[in-house]
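Hey, can you work out the whole structure from these sequences and the hints?
2 protein chains.
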Amino acid sequence: MKNKNFIEKELLLVKNFIKDEIIEERSIKDLYRYIFQSDGKGLRAKLSLLSSSKNKRINKKRLELSAVIELLHTATLVHDDVVDNSSVRRGVTSVNKVWSNSHGVLIGDYIYSKAFVLMVQIGKQDILSELAHATNDISKGELIQLDALNNTKIKLNDLENISYYKTGRLFEAAAKSGALLANSDNQFIKNISECAKNLGILFQIKDDLLDYSTDSKKIGKPVFQDLKEGKVTYPFYFAYKNANKAEKLNLESFLGKSNLNEKVAYELIEKLGGIENTELLAATYLKEATHKANLIKDEYIKQEMLKLIILALNRKK
Amino acid sequence: MKNKNFIEKELLLVKNFIKDEIIEERSIKDLYRYIFQSDGKGLRAKLSLLSSSKNKRINKKRLELSAVIELLHTATLVHDDVVDNSSVRRGVTSVNKVWSNSHGVLIGDYIYSKAFVLMVQIGKQDILSELAHATNDISKGELIQLDALNNTKIKLNDLENISYYKTGRLFEAAAKSGALLANSDNQFIKNISECAKNLGILFQIKDDLLDYSTDSKKIGKPVFQDLKEGKVTYPFYFAYKNANKAEKLNLESFLGKSNLNEKVAYELIEKLGGIENTELLAATYLKEATHKANLIKDEYIKQEMLKLIILALNRKK
Chain R
1 MKNKNFIEKE LLLVKNFIKD EIIEERSIKD LYRYIFQSDG KGLRAKLSLL
51 SSSKNKRINK KRLELSAVIE LLHTATLVHD DVVDNSSVRR GVTSVNKVWS
101 NSHGVLIGDY IYSKAFVLMV QIGKQDILSE LAHATNDISK GELIQLDALN
151 NTKIKLNDLE NISYYKTGRL FEAAAKSGAL LANSDNQFIK NISECAKNLG
201 ILFQIKDDLL DYSTDSKKIG KPVFQDLKEG KVTYPFYFAY KNANKAEKLN
251 LESFLGKSNL NEKVAYELIE KLGGIENTEL LAATYLKEAT HKANLIKDEY
301 IKQEMLKLII LALNRKK
Chain B
1 MKNKNFIEKE LLLVKNFIKD EIIEERSIKD LYRYIFQSDG KGLRAKLSLL
51 SSSKNKRINK KRLELSAVIE LLHTATLVHD DVVDNSSVRR GVTSVNKVWS
101 NSHGVLIGDY IYSKAFVLMV QIGKQDILSE LAHATNDISK GELIQLDALN
151 NTKIKLNDLE NISYYKTGRL FEAAAKSGAL LANSDNQFIK NISECAKNLG
201 ILFQIKDDLL DYSTDSKKIG KPVFQDLKEG KVTYPFYFAY KNANKAEKLN
251 LESFLGKSNL NEKVAYELIE KLGGIENTEL LAATYLKEAT HKANLIKDEY
301 IKQEMLKLII LALNRKK
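Chains as they are written, first to last, in our numbering: chain R, 1 to 317; chain B, 1 to 317.
It is worth saying that the hints were derived from the structure and are not from the lab.
On a predicted model such as this, the values are computed, not experimentally measured, just so you know.
One should not assume that every hint holds.
Chain copies aren't distinguished; within one or between two, either way the pair holds.
Keeping only pairs whose Cα atoms sit at most 27 Å apart, straight-line, the calculated BS3-like set for lysine-lysine is [as the list claims (entries may be wrong)]:
#1 K316 <-> K297
#2 K29 <-> K155
#3 K124 <-> K60
#4 K316 <-> K41
#5 K97 <-> K228
#6 K153 <-> K29
Printed below as a string of structure tokens:
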């Protein structure tokens with residue numbers, strides 16, 4: 001029987017590998033270390049380790065691939081913080097605030113290209129193709145989202161596409177590239193990729209819900225940022241759909257308002273079913289992810305995927 | 001005998017290929033078309049076409065590789081404009097000014113990742129490795145340069161490294177990847193790569209000199225931007241080295257001064273040999289690039305490389 005914790009142990013190796021990657025230039029090293037001092041949840045890196053774990057052995061390429069996934073994810077976060085003008089990331093002040101937006105742009109590029117160097121070294125064409133396309137899709141999602149600022153006419157399908165591109169896509173690519181690395185059969189590749197894709201969208205929907213938390217301390221980051229930035233996400237979308245003319249005007253007045261009265265905004269959006277309908281939408285992705293997980297024949301991987309789904313569902317931060 | 005203009009014809013095909021690359025999302029299409037409406041000189045794309053032209057035939061992969069090089073170059077320009085807060089690029093208002101910095105960051109990421117998708121499709125491991133490393137080196141050069149802002153203690157060697165990483169490196173990679181695509185012999189790969197590297201550094205030195213032009217209209221873009229942004233480049237470096245205490249203080253006062261008196265600044269830097277010494281440095285790279293070009297056995301490629309060197313030397317914008 002497998003040691004239940006072997007993926008967690010591997011994740012530590014991956015994180016250390018990333019931190020210790022030798023970078024000669026002092027200025028880059030400082031930035032790089034700063035970014036990787038505070039670990040994220042490593043969910044995407046873990047997904048790749050898990051989906052490549054079929055042969056139950058620590059293999060250098062599996063760790064490298066997992067590091068590539070974590071680097072790609074981190075690069076998007078660093079650029080996101082510039083785009084959203086965010087001040088906090090993973091509990092510490094973001095690069096764009098400690099250094100500058102320029103540093104954020106360039107160290108993001110540096111981390112992206114470092115990921116490409118590593119993935120080329122892995123040397124598998126199908127993995128390269130999947131990760132290159134995923135990276136392109138992520139930036140596509142971010143661009144579509146940017147274009148959707150203050151857009152109350154956005155459709156549910158657009159919101160779901162944004163969630164897929166900006167979050168589900170890398171979950172999917174992490175699982176798929178891991179499965180490809182382990183030379184898995186097509187059925188496994190398909191099941192774990194689709195499971196991860198739905199898991200990622202679920203994760204993003206819960207993220208959007210967390211931004212509507214009435215207790216900012218509990219989740220450890222500022223709340224109502226989406227509304228304040230003019231980002232239409234699910235809770236706003238559903239509330240707006242159910243609103244009458246007067247309520248619509250009221251909702252519109254919240255978008256992009258930096259001194260928003262959070263309590264008032266929450267109460268109206270909650271009253272109009274914004275929270276409940278978002279929870280219902282999350283449930284459909286939960287169901288689909290669970291369904292795909294149950295199709296996975298490897299019992300260990302199936303159970304671990306189910307655990308990740310529960311984790312995403314119950315996330316409190 | 002080869003048609004003298006075949007590379008120029010191919011370059012047009014490459015530019016059209018880039019423009020016509022189908023992008024579904026309207027918002028992305030608008031940005032993408034805007035960026036590629038104004039052609040650059042296409043020097044790097046041309047280098048790749050030239051170095052892969054051994055077999056004298058239009059080959060789809062050669063055009064794709066050339067497009068990859070142009071996309072990589074364009075992505076760095078778009079991010080540079082965000083970093084430098086520039087208003088003008090290739091004679092038109094930059095993306096960050098027409099849209100926003102956020103759009104600049106994200107469309108840059110989109111173009112980068114599009115380049116990666118295309119280069120993966122070319123399917124040659126050695127080319128992928130060269131281009132991934134080059135992209136990483138470019139961002140390294142930009143980061144080192146950012147760290148060197150207002151740094152009067154910078155060494156000549158640091159400045160040359162910055163010129164290599166941020167400019168010479170992609171010239172080199174364009175030539176090398178082209179040569180690799182054509183399955184060239186090692187001697188040719190080495191000669192054309194080193195020729196291109198020196199050509200790129202020469203090109204950057206001339207770029208730094210052009211920023212010290214006393215006639216902004218002639219070069220079609222704002223001048224003295226480097227000084228105003230606090231960027232120490234060769235003319236300042238050499239002038240500072242030759243300055244006495246009082247002159248040093250005077251020079252330091254120019255750095256980062258947005259309302260700089262350009263005439264006064266130019267006269268002091270010129271008097272202290274900043275311009276002349278930069279010209280002399282350019283001459284050493286000219287010599288080295290010419291030397292390497294003359295080692296190339298293919299007469300057509302040799303002559304074209306020599307023409308590019310003269311073009312870089314005499315560039316007026």
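Okay, the hints, checked on the actual structure:
1. For the homomeric pair K316 and K297, neither the shortest alpha-carbon distance inside one copy (30 Å) nor that between copies (66 Å) is at most 27 Å.
2. Taking CA atoms no more than 27 Å apart as the test, K29 paired with K155 passes between copies only; the shortest distance there is 20 Å, against 43 Å inside one copy.
3. Taking CA atoms no more than 27 Å apart as the test, K124 paired with K60 passes in both settings, with 14 Å inside one copy and 23 Å between copies.
4. For the identical chains of this complex, K316 and K41 are intra-copy neighbours only, at 13 Å inside a copy versus 52 Å across copies, given an alpha-carbon limit of 27 Å.
5. In this assembly of identical chains, the alpha carbons of K97 and K228 lie at most 27 Å apart whether taken from the same copy (19 Å) or from different copies (23 Å).
6. For the homomeric pair K153 and K29, the shortest alpha-carbon distance between copies (20 Å) is at most 27 Å, but the shortest distance inside one copy (45 Å) is not.
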